[in-house]
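Given chain A's structure and the hints, the job is docking chain B onto it.
From first to last, the protein sequence lines are chains A and B. Mapping of the first sequence onto this note's numbering: residues 1 to 152, in sequence order. Mapping of the second sequence onto this note's numbering: residues 1 to 152, in sequence order.
Keep in mind that a hint or two might mislead.
Below, a list of computed lysine to aspartate or glutamate pairs in the EDC-like style, where the Cα atoms sit at most 16 Å apart [what the hints assert, rightly or not]:
id: 1; chain 1: A; residue 1: Lys152; chain 2: A; residue 2: Asp25
id: 2; chain 1: B; residue 1: Lys87; chain 2: A; residue 2: Glu51
id: 3; chain 1: A; residue 1: Lys138; chain 2: B; residue 2: Asp132
id: 4; chain 1: B; residue 1: Lys152; chain 2: A; residue 2: Glu51
Just a few of them, taken from the derived set where beta-carbon distance is under 8 Å, the chain B residues facing chain A [what the hints assert, rightly or not]:
id: 5; residue: Ser14
id: 6; residue: Ala40
id: 7; residue: Val59
id: 8; residue: Lys75
id: 9; residue: Met79
id: 10; residue: Cys83
id: 11; residue: Ala117
id: 12; residue: Lys125
id: 13; residue: Pro126
id: 14; residue: Val127
Ranges between beta-carbon positions, derived for each pair [to be verified]:
id: 15; chain 1: B; residue 1: Glu102; chain 2: A; residue 2: Gly118; range: 34 to 42 Å
id: 16; chain 1: B; residue 1: Gln62; chain 2: A; residue 2: Asp21; range: 38 to 46 Å
id: 17; chain 1: B; residue 1: Pro34; chain 2: A; residue 2: Ala144; range: 34 to 42 Å
id: 18; chain 1: B; residue 1: Lys152; chain 2: A; residue 2: Lys63; range: 42 to 50 Å
id: 19; chain 1: B; residue 1: Gly141; chain 2: A; residue 2: Lys58; range: 36 to 44 Å
id: 20; chain 1: A; residue 1: Lys63; chain 2: B; residue 2: Ser19; range: 38 to 46 Å
id: 21; chain 1: A; residue 1: Asp60; chain 2: B; residue 2: Pro77; range: 41 to 49 Å
id: 22; chain 1: A; residue 1: Lys63; chain 2: B; residue 2: Ser14; range: 34 to 42 Å
Simulated from the structure, these hints should not be mistaken for laboratory data. As the structure is a computational prediction, the values presented were derived from the model and not from experiment. Virtual Cβ for every residue (Gly too), placed ideally from N, Cα, C.
There are 2 protein chains.
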Amino acid sequence: MEIILKAVAEVKNSRHDTSDDFWGDIISEITLMPEIPSMAFEGIMNFSHLEIIYYFNKVDPQKIVYSGHPRGNPKWPVMGIFCQRKKDRPNQLGLCTVELVEQKERSIFVKYLDATAGTPILDIKPVFKEFDLNGKRKQPGWVATLMKDYWK
Amino acid sequence: MEIILKAVAEVKNSRHDTSDDFWGDIISEITLMPEIPSMAFEGIMNFSHLEIIYYFNKVDPQKIVYSGHPRGNPKWPVMGIFCQRKKDRPNQLGLCTVELVEQKERSIFVKYLDATAGTPILDIKPVFKEFDLNGKRKQPGWVATLMKDYWK
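Just chain A, same shape as in the assembly (with noise of 0.2 Å):
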């Protein structure tokens, strides 16, 4: 069964290339496309973060895969792409929590997106405390550092 998306919104940032590293300055603007009512932001200001589910649409589908080093680091381990967040994956979905700073009528601003100028917004969420985890998780050793520079 194909599932048939539309964009709801359309990023706008000064981020053009799609390199991994180095997201913690950049502050993107969230539009919302002409068919979608203002009103599906009303109140948005009542929440400080936002699950943002977007399409990583530079993304050359001959080079989705479904395994591989993280990176392509050979010093990390094989893990499948359900264990990796990159974007060469099937069904090209990003997804990012992201800090709201501002609302301007049709448009949001928030840090910590890691999507590029352009890139189709699918969902908007606001976050709840109550699906938080606390802290509560565990993760491989080589994440850490695959992360160290990308908030930089």
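Frame of chain A, contents of chain B only:
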């Protein structure tokens, strides 16, 4: 532009109704679709928690809204759809952080997935602590009341 996705996996569990609460006791089996190779799960037990993006396939497209009272309750303020997590939303995408219990070949078993039997899974991502909020977030008062019985 239309974005065409396909399920990468499917949910099996004992939950068939789409009512709002009481998800805490449900264990879900997530099984890869036949066209996805098993290596997509290689190494997954290195992680304790996963983010699951799924498709609310039981939503009636006529019921999709852009704004309204959360759960239709007039005691709570009218909020835009991007300030709510309800299923009747543009693109019908669900998102949940789950606890990984076990892997058996082409299936993983998870707790705290709020999706019914037969739900198509669109992506699975490992939780990295580098994306954590560490408790920082603001939300309006109605959320705690709305979520009171959610994980019971």
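Hints, verified against the model:
1. Proximity of lysine 152(A) to aspartate 25(A) is assessed by CA-CA distance (about 7 Å); at most 16 Å being required, the pair is judged to hold.
2. Our distance criterion of 16 Å between C-alpha atoms is met by lysine 87(B) and glutamate 51(A), whose separation comes to about 15 Å.
3. Simply put, lysine 138(A) and aspartate 132(B) have alpha-carbon atoms about 13 Å apart, close enough for the 16 Å limit, and the pair holds.
4. Distance hint between lysine 152(B) and glutamate 51(A) is unfulfilled; the C-alpha atoms sit about 24 Å from each other, more than 16 Å.
5. Violation of the interface hint for serine 14(B) is found here, the shortest Cβ-Cβ separation to chain A being roughly 22 Å, above the 8 Å cut-off.
6. Hint on alanine 40(B) holds. Least Cβ distance to chain A is approximately 4 Å, under the 8 Å limit.
7. Interface hint at valine 59(B): violated, since its Cβ lies 12 Å from the closest Cβ of chain A, which is beyond the 8 Å cut-off.
8. Annotation: interface hint on lysine 75(B) violated; nearest CB of chain A at approximately 15 Å, more than 8 Å.
9. At its closest, the beta carbon of methionine 79(B) sits 4 Å from a beta carbon of chain A; the interface hint therefore holds under the 8 Å criterion.
10. Against a cut-off of 8 Å between C-beta atoms, the interface hint on cysteine 83(B) holds, since the closest Cβ of chain A lies about 5 Å away.
11. Restraint check, alanine 117(B) versus chain A: the minimum CB separation of about 16 Å is more than 8 Å; hint violated.
12. Satisfaction of the interface hint for lysine 125(B) is found here, the shortest Cβ-Cβ separation to chain A being roughly 5 Å, below the 8 Å cut-off.
13. For proline 126(B), the shortest C-beta to C-beta distance to chain A is roughly 5 Å, which falls under 8 Å, so the interface hint holds.
14. For valine 127(B), the interface hint holds, the least distance from its beta-carbon to any beta-carbon of chain A being 5 Å, beneath 8 Å.
15. Here the CB-CB span from glutamate 102(B) to glycine 118(A) is close to 40 Å, well matched to the stated 34 to 42 Å.
16. A hinted range of 38 to 46 Å for the beta carbons of glutamine 62(B) and aspartate 21(A) is consistent with their spacing of about 44 Å.
17. Checked against the hint of 34 to 42 Å, the pair proline 34(B) and alanine 144(A) passes, with Cβ atoms roughly 35 Å apart.
18. Take lysine 152(B) and lysine 63(A): their Cβ atoms lie about 44 Å apart, and the range 42 to 50 Å holds.
19. Range check, glycine 141(B) to lysine 58(A): Cβ separation about 41 Å, and the 36 to 44 Å hint holds.
20. Roughly 41 Å separates the CB atoms of lysine 63(A) and serine 19(B), a value that falls within the hinted 38 to 46 Å.
21. Take aspartate 60(A) and proline 77(B): their Cβ atoms lie about 45 Å apart, and the range 41 to 49 Å holds.
22. The hinted range of 34 to 42 Å is satisfied by lysine 63(A) and serine 14(B), whose Cβ atoms lie roughly 39 Å apart.
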